[in-house]
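Novice: Here the protein sequences come in this chain order: R and G. 115 is the number of the first residue of the first sequence in this note's numbering; add one for each residue after it. 115 is the number of the first residue of the second sequence in this note's numbering; add one for each residue after it.
Among the hints, erroneous ones may be present.
If several chains are the same, the list does not tell them apart, and a pair holds so long as it fits within one copy or across any two.
Said to hold, decoys possible - Capping the alpha-carbon separation at 30 Å, the derived lysine-lysine pairs in DSBU-like fashion look like this: (1) 341 to 221; (2) 326 to 221; (3) 199 to 120; (4) 142 to 293; (5) 221 to 272; (6) 293 to 221.
These aren't lab readings, by the way, just hints derived from the structure by calculation.
There are 2 protein chains.
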Amino acid sequence: MTFTQKLREVQLQQNSLLCIGLDVDLEKIPEHLKLSTNPILEFNRQIIEATHDLVCAYKLNLAFYEAMGERGLTTLRETLRLIPKSVLTIGDGKRGDIGNTAERYAKSLFDDYDFDSVTVNPYMGFDSVEPFLKNPEKGIFLLALTSNPGSKDFQRLKINGKPLYEKVVRTAKKWNTNKNIGLVVGATHPRELKAIRKIVSEMPLLIPGIGKQGGDLKSAVRDGCDKNGQLAIINASRSIIYASSGKDFAEAARREAKRMVEEMGTYRNSI
Amino acid sequence: MTFTQKLREVQLQQNSLLCIGLDVDLEKIPEHLKLSTNPILEFNRQIIEATHDLVCAYKLNLAFYEAMGERGLTTLRETLRLIPKSVLTIGDGKRGDIGNTAERYAKSLFDDYDFDSVTVNPYMGFDSVEPFLKNPEKGIFLLALTSNPGSKDFQRLKINGKPLYEKVVRTAKKWNTNKNIGLVVGATHPRELKAIRKIVSEMPLLIPGIGKQGGDLKSAVRDGCDKNGQLAIINASRSIIYASSGKDFAEAARREAKRMVEEMGTYRNSI
């Protein structure tokens, strides 16, 4: 089964487009957890327990774990073990390097950590992406138009009248022979999201930027989904995992996740 | 002192443009080392001991260490401790992410590992680069025109008649208010290297792609240096560290490093 098929199946089973970003920061987790042996792991464990039936994926931003050194990697590994197989995992590291190096990253993230998918930066071109594409079951999300302000600096530059991100989108579509490539498109760019979905009608779109970054949920669903109301993976991190800073953080996260899933449901029904 | 000044000083003191890439692979190191407690660290220790007076920098490709999990990070940290302060270190991870995430990467690489400089991917724009720029003493090398075949896929696309990599070069020059930005330009593109050096006469250029990848040392020196024969950092990895696969690997690495430094010297004298 290709990654794209797997995503369809998971989204159907879970009836959800929601991805929770486990971008966990020791400074932001509830005080009472700081007495645990591994506060971050305990935080993740409770968030996952409280939300795993509501999501299609968890996204783990590697920077947050790497910033904790060796212990962070162990926490990353142990967090991944807590995620049920019914849900996909995304290793968000935005890697990109020459072929022989990209192979290491692919091996580490797919074989060692066993991520279902990863994010990859397209700037270095095909040989930097290829090692991630070999196994059709493992997915990659190429950065196309990112959610941050800096996305305008290079991604929107015009090449023969068309923006660079569109060139990335069309190139990714060509490279997608194994049906395992998706694209990262920020919810902060609703018009462009709609245009990209038209170009890649059957490719997964990972959509960050809802909530704190200002993206709109309605357009993320309407413009990001394919015609079956699928293949958009809508990520929320801080608004869910830090919904409460008290002892009820996991419950509060569930409440917020559920609210989002229900809201998305109403938009999906009207696609 | 800014990173650029520091580089000038180190290159003057060491009288070298050579950077050795410690991209160490357990499968490629000499058999007899595999009995050590930590073969990679032992390999690095002997390479550093044998070559540190011949180089201006060591570049550590993070993928090679991350691929070894927690132990790899410990090895990375311990290798960094073995590098004398007279020589610069480059953390080659080609990171790039939205502001709050880039901050973590910067903190981890600069504060925790204490790298002198890192490589950064420009695709996500200014807010993804900014956290790396704050400390003028710490350097960043933005990917401009990389040494690999895939560099043609996006980096050479034309924007108003000029290639994307040139836009990155000119933008980096504008962002360089702290005098700590350099650029990555592959030795596999000699003409472009020359053109880039003309645009950024006072910025460091990190030049990979000599040796196995086919780049030419003469043009890397002549076209990569500033008018004082400085600011080009010419990287070689496999051709030096695997110069011999026997017990004499460190000696052989020194011989090859010395040969390169001497060859570079003749080209520098004729700048």
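Novice: Within a copy, between copies, both or neither: where do residue 326 and residue 221 come within 30 Å Cα-Cα?
Specialist: Result: close only across copies, 22 Å inter versus 33 Å intra.
Novice: Between residue 341 and residue 221, at a C-alpha cutoff of 30 Å, which is it: within one copy, between copies, both, or neither?
Specialist: neither (34 Å within a copy, 43 Å between copies)
Novice: From the Cα coordinates, with 30 Å as the cut-off, is the pair residue 293 and residue 221 best called within, between, both, or neither?
Specialist: within (19 Å within a copy, 37 Å between copies)
Novice: Go through the copies and call it for residue 221 and residue 272: within, between, both or neither, with a Cα cutoff of 30 Å.
Specialist: Neither: 35 Å inside a chain and 34 Å across chains, both beyond 30 Å.
Novice: Can you tell me if residue 142 and residue 293 fall within 30 Å by alpha carbon in one copy, between copies, both or neither?
Specialist: neither (38 Å within a copy, 34 Å between copies)
Novice: Since the copies are identical, ignore which copy is meant and state whether residue 199 and residue 120 lie within 30 Å (CA to CA) inside a copy, between copies, both or neither.
Specialist: within (11 Å within a copy, 50 Å between copies)
Hint compliance for this structure: hints 1, 4, 5 are not met, and every other hint is.
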